[in-house]
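Student: Residue numbers (this note's numbering), protein chains in the order written: chain A, 1 to 168; chain B, 10001 to 11004; chain C, 20001 to 20449.
Hints are not guaranteed to be accurate.
Residues of chain A clear of chain B, computed beta-carbon distances all greater than 12 Å [said to hold, decoys possible]:
1. Asp-20
2. Arg-23
3. Thr-69
4. Gly-86
5. Gly-87
6. Ile-97
7. Leu-110
8. Asp-130
9. Glu-153
10. Val-166
11. Glu-167
Which bits of chain C does chain B cover? Going by a derived footprint, with three or more residues having C-beta under 8 Å, they are [said to hold, decoys possible]:
12. 20094 to 20105
13. 20145 to 20156
14. 20384 to 20397
Mimicking DSBU-like on lysine-lysine, the simulated pairs with C-alpha atoms at most 30 Å apart in a straight line are [said to hold, decoys possible]:
15. C:Lys-20193 / C:Lys-20294
16. C:Lys-20276 / C:Lys-20425
17. B:Lys-10939 / A:Lys-88
18. C:Lys-20193 / C:Lys-20425
19. A:Lys-26 / C:Lys-20444
Note that these hints are calculated values from the structure, not bench results.
Every residue gets a Cβ at the ideal spot worked out from N, C-alpha and C, and that includes glycine.
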Amino acid sequence: MSAQPEGILASYRFVDAAADAIRTLKAEGYRNFTVYTPVPNVEIQHAIGHRVSPVRLWTLLGGLTGCATGFAMTLWMSFDWPIVVGGKPIGSIVPYIVIAFELTILFGALATLIGLVFHIRRTRQPGAYDGRFTDDRIGIFVPCPSDRRQAVETLLRTAGAEEVRVEA
Amino acid sequence: MAEGSNGMDRRRFLTVLGVTGGGAAVLSGCSKDGVEKLIPYLVPPDNQVPGIATWYATTCRECPAGCGIHARVREGRAVKVEGNPAHPVNSGRLCARGQASTQGLYNPDRVRQPMARSASTGEFSPISWDDAIAQITARLGAVNGGRLRFVTGHEPGTFGRLVTEWLRAYGAGGPVAFEPLACDALRHACRTVFGLDQLPRYDLTVARYVLSFGADFLETFGSPVGQMRDFAASHGFHDGGMSRYVHVEPRMSMTGMSADEWVAPRPGADALVALALAHVIVRDRLASLPADVGRVRGMLDAYAPDTVTERAGVPAATLERLAREFAAVPSVALAGGIGAQHDAANATARAVCVLNYVTGNVGRTVLFDRDPPAPPATYAETAALVQEMRSGAVGALFVHGADPVYATPAALAFSEALGQVPFKVSFARFMDDTAAQCDFILPDHDPLEQWNDSIPRAGVRSLQQPVMRPVFDTRQTGDVLLALAQKRTPVPQRLTAGSYKEYLQQVWQGVQRDLGDRRPFDTFWMEALQRGGVWGQAPSRTVSLARGAGEAPAADLWTVEDGKIALIAYPSSVLYDGRGANRPWLQELPDPVTKVTWSTWVELHPETAAERGISEGDVLEIASGAGVVRVPAYLYPGMRRDVVAVPMGQGHVAFGRYAAGRGANVLGLLNGDPTGFGGLGTYASVTLTQSGVHEVLPKTEGVPRQLGRGIAQAVPLAEVGHETEHGEHAVPVPERIEGVLDQWQERQDEETEYGNYDKENLQRWGLAVDLSRCTGCSACVTACYAENNLATVGPEQVRHGREMSWMRVERYYQGGAAGEPFEARVLPMMCQQCSSAPCEPVCPVFAAYHTPDGLNGQVYNRCVGTRYCSNNCPYKVRYFNYFDYQAKADPAFAWPDPLQWLLNPDVVVRSKGVMEKCTFCVQRIRDRQHQARLQKREKLEDGEILTACQQTCPADAIVFGDLRDPESRVSRLARDQRGYHVLGDLNTRPAVTYLKKVRNLVEA
Amino acid sequence: MATIAREDQLTRPTYHEVTRDIAASIGNPSRSYYVLLGFVLLVLAVGVGALLYQVRYGLGVAGYHPPVMWAVYITNFVFWVGIAHSGTLISAILYLFRSAWRTAVYRTAEAMTVFAVMTAGLFPIVHLGRLWYAYWLFPYPNQRQLWVNFKSPLLWDVFAVSTYFTVSTLFLITGLVPDVAALREQAVGWRRKLYEITSLGWRGTDQQWRHYTRAYLYLAALATPLVLSVHSVVSWDFAMSIVPGWHATIFAPYFVAGAIYSGVAMVVTLLVPLRKVFRVEQYITVEHFENLAKLLLLTGMIVTYSYGVEYFMAWYGGSPYERASFWNRAFGSYWWGSWTMILCNGVLPFFLFFRKIRRSIPAMFVLSLFVNLGMWFERFVIIVSSLSHEYEPYAMGHYTPTWVEWSILAGSFAWFFMWFLLFAKNFPTVSITEVKEIMPMPRKERQHS
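Kindly produce the complete structure, drawing on both the sequences and the hints.
Tutor: This is the structure we're talking about:
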């Protein structure tokens, strides 16, 4: 974690409370706050309203690359060392489909994970964190300069925060 | 020989010509260090080029047939022997035993230097040659010449003569030429019927009808290779016809498997069959009877078919029919095989002599040569020697080239008698059962290391020359005898020769004189060496019936004792009388009939076995008056229900690691006393009892029936050409499918850009196997072992089906159930080199691939051993290295020193974990192609390349060549109407075409 | 979303309790755990010893009897690949179908998948004549430019199995990340280190979840066809050959069904003791077993049907070779194998039509053992009996395994259980996150009312 910005960390027990807080934050014009949840939660996601993750593009491209590689490799290698077996053509497409298929899956899966890591790193925001957020609490961290702390704190509390901590 | 293979023969003959001259020059004089000069290649001798084989013409001494051979020598070591194409006895072909002769040369159990038994411990210890000769001279001095006896093998040649003269020099009587398989019955019969003390020669090429009374003329009887060549020539289907062969014996032997009809008389009653035939022929004047037929007419009257049918166990109608068939064409009746030599065998032989005579075959197909070679001793003479020894009348016994302790019935007690002899000297090459009892062993050279000659038959003198430097510190017995003789004063004037070679040349000067050859001796000698000997047509004499011919021969038939079953002890077509038992190739070669290896078995008819609650592998205790042996049972439908049969050849006490203590010696069951005609009786009355032990027979066969899959197909002579297209094919492929398959194949060819499918000027190697010629003798299998460095795996692994024989001869039983006639078919199965080979595409690493000239190549070094190719091979002709047969350190090592010397340098020895297979001897193909390239020849001549199996096949059943060349012999055969592909419906497109067996059946 | 169990019998734990209960299964192994692990390692040692012996002397020490060139080793290969299948099926396919009950069992299934593939992957190598050259099966660049034969089904295997191993491993790890993050917080000592590393800095931020859920979805989408392809490819090892008894178009679906069948059986075999030992009965309930039972019943019926089709086609196809092969399979020297297979896979599963049996955990356990046995015999019978009775009567033979093969088989089970034991004590065998996921989060409203 890079240098942690100062801001306010609130933790919630109730999912709807947290959702309220998020909505009001957005209404107030806060953008770069972070929400921690132990499990992915539809309500929260709607409240935040991210666009669909671009990871799927990676999957697609990875898959296509794999398929192409599969055919390219099998055909090139066959003709690079052209040996007749069982009276079959040197480059027999049909059996190579199997290889191409497997590579499609392999590359697709690998690309997906690379994409996952890549995007998570790209969208990472430094911020305070509490261990309970992976257990049963929902956390919201709002980075803000000291002069606006008061406003944010009251906002979060009114939404129903269990506790609010000032991170400086 | 195929006219196609002449080109190749000429070429090889030239090699021999060029080489043997030099070779002989080098080897002449003191031959020992002659070849030694060949080893350091700093100054290569002109006749030794590294990597180029040289061929020496010599003679095979594995059996008395005396076939001419060429020994292939690489870098001073003999690596293979092949038949000498120019030789009249075998014209280039060889049997399994001949192929395995190199395993005698390099046998790890050879006696490696002279040995003497110490009086105190009784153990053998090495001794120098000089000491040995000195001591023996001393001991001999003390022996009165009259008490000196000498047992040799059958030596119809210079060596026999030397021994005789040597003995004479000591004032001793002549040698006993011991030959276990001597045809005493036949000889005796010829004496009584024709007054000739000699064996006839048969011309099977002339005979259109062969009738064998238990004579295994394709196995051990007479000159098997030559006879098989002639038999195949007349009995093999050609130009729409073939001769007919009827086998008369209670058991169908390997020879009998080739028969068109099998007649099984009561054991011992076969004489009656022959007599009944003769009776009918004389009665009905079926042939132009000879003038002196009167001498036998009276005797024959007593043998009308319906009077003998009961005792003979053969329907009278059959006898009548056979007689007419027999008299209708030039025919020949054979008798006198050791396998049928029961106590009344001379009756059979006499009857057969009469039969041949009255039919007019004598002089036509049955020939008596003038001055035939000296016959071997009869069994009676051997028995007499035993008496002598037992009575203590023998002071010293010399034994050479014979193992009488093993090869005579235990009842004769040769071994005990030998104990009575104070001084025994053996010249054995191996520590055999006899040598083990001697005081001195002076190991002789192997036939491939020695100078000698042999007279297989009148008019043929075959030479033997050393093809390489002796492997061990052995010495030619001829030289030893001369040395001993020359220790005497005065030196006997006939034995002054400096060496046996010199002695031999002296004899040959006489030979040259007899031939009226005026040239200098050296020229004559050199030429003879290159050719392999000298030979011409022997004049045969006209014979007539002797006074004894009229006596009733069948007065006393051999009959089985009450409550017992008849036992037939027959010679093994593979191990002969047992002298082949120390050759791993022969031990592992499946018996042509039973497909059992490495052991002895007793054959019973399945019904006989069922009655007695015996199943295959049950170890039976066989007891006769003479003794008891224990052998496992094998159920063989090819025999009468009232006989059992046991092969000879196993059960050695000594004789090295491969033979000692293996199987049982059936001679132990035979009566020791000579039969009435002075021979060994090979039939006995025995009782069978279950020993309670069960063992798995080490046989190479899975299921003995074809399950209607048309693997080995046959067609009656009458139907050749008219038979349905697919004959006995398991799945007839409909016409339309045929078309589709063809189109598919063409598309494949177009789509494949490389290799076999490149249509231009590339060969497509193929093989054609004519099943109407193949007799199943399995010489090809051993030839393959020799050529391709196949490992022998031993009985335990054979039980696991892990034998390595790239080529196998499959034998299938047909019929045999009540009523239907029994038939056995054989089919040599090697890699079919399929065009659409199932084995190739499944190999993940391209170890199995298709060569441009259409072979299924196998890259041993690339193979990782997935064994998928073998799973996918419908013919199951791929063999996997389950152990490290090539690693000296490994327990499975197959070539104990010096056996590895016979490995073919042109073929890699495969390592553990790789798949290996037949590639049509690709090394031979490439070699010939290189030769052609060097000689700037565009194309190879047809028949220039011979695969090892084809080269040795005595029946000339296998033809190799280029299928792309429509004129090649193989192409013509492949187009033959009898041609078919095994499992052709799988569309594997094999390159091997089988030509259906043709059976010359009588029209019912 | 659905719930773990029906409302009436539900005493729903809180998120915190979930974390606590499942985390409780981890760490501080008991004495019996070590005894068990020790035994497993001992058996593994025996297997390794047998393998070394075989490498030294050659495959001859195994019972191979030409023409039976493939035997117990390939049987084990197919068996373990089969086991590997239910894992991905349960986690991926059921995930796509959004069936909630998977959440409690899929982690075990996935772990089992990975370890089973690790076991299966050994056998193609163990059975090689020259296993030290096994790497020749991969198309790696080499100075002599020798490539591999992509037409060979064995090459397809190489790609299919290695892909399957990679993907299912990644799938398992991905699923683990949030759980590990949850464990990270209360873990201590070296485990904390372990979790800190393996949780890859997971905090459950909105962005992380945003990408994570997508990625997981697509992984599942990729894994699903993969499962089906892998066992099809394995079946083609046989179907592509010309061996009577192997050469059949039904093989792919037949083998896939069989694979899932055996896999589910193995899941049951593992879950029954596991839920007891780790006291997670509350999460892995009878409901789950009933659902698994239904899967078993379905696949079991497909398999039984396939047996029928095989025999029918052998007769209907009219090829004497096929007929002979199947006659030999049923009444030949391997009849015992065939009938064991039919009893275990074709008869016993039909008891699952009874709800009582589906809901009786002991019954399910016993049944699953029988199915495992039956599926092993299925492969043995297909491979060995077909090979032993091919085209050439002369070359037919009978095969019996040797102690070497049995030891290596035992060793493979040991290898599998070794990994599973190690896993079970260090990672959650029930998915913490996903179990929570299907329980609604607490809301203010409910509190007030």
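Student: A separate judgement is required for each hint: does it hold in the structure or not?
Tutor: Hint-by-hint comparison with the structure:
no.: 1; hint: Asp-20; verdict: holds, 63 Å
no.: 2; hint: Arg-23; verdict: holds, 61 Å
no.: 3; hint: Thr-69; verdict: holds, 19 Å
no.: 4; hint: Gly-86; verdict: violated, 4 Å
no.: 5; hint: Gly-87; verdict: violated, 4 Å
no.: 6; hint: Ile-97; verdict: holds, 15 Å
no.: 7; hint: Leu-110; verdict: holds, 24 Å
no.: 8; hint: Asp-130; verdict: holds, 55 Å
no.: 9; hint: Glu-153; verdict: holds, 68 Å
no.: 10; hint: Val-166; verdict: holds, 66 Å
no.: 11; hint: Glu-167; verdict: holds, 61 Å
no.: 12; hint: 20094 to 20105; verdict: violated (count 0)
no.: 13; hint: 20145 to 20156; verdict: holds (count 9)
no.: 14; hint: 20384 to 20397; verdict: holds (count 9)
no.: 15; hint: C:Lys-20193 / C:Lys-20294; verdict: violated, 41 Å
no.: 16; hint: C:Lys-20276 / C:Lys-20425; verdict: holds, 14 Å
no.: 17; hint: B:Lys-10939 / A:Lys-88; verdict: holds, 28 Å
no.: 18; hint: C:Lys-20193 / C:Lys-20425; verdict: holds, 16 Å
no.: 19; hint: A:Lys-26 / C:Lys-20444; verdict: holds, 21 Å
Of the hints listed earlier, those the structure fails to meet are numbers 4, 5, 12, 15, in rising order.
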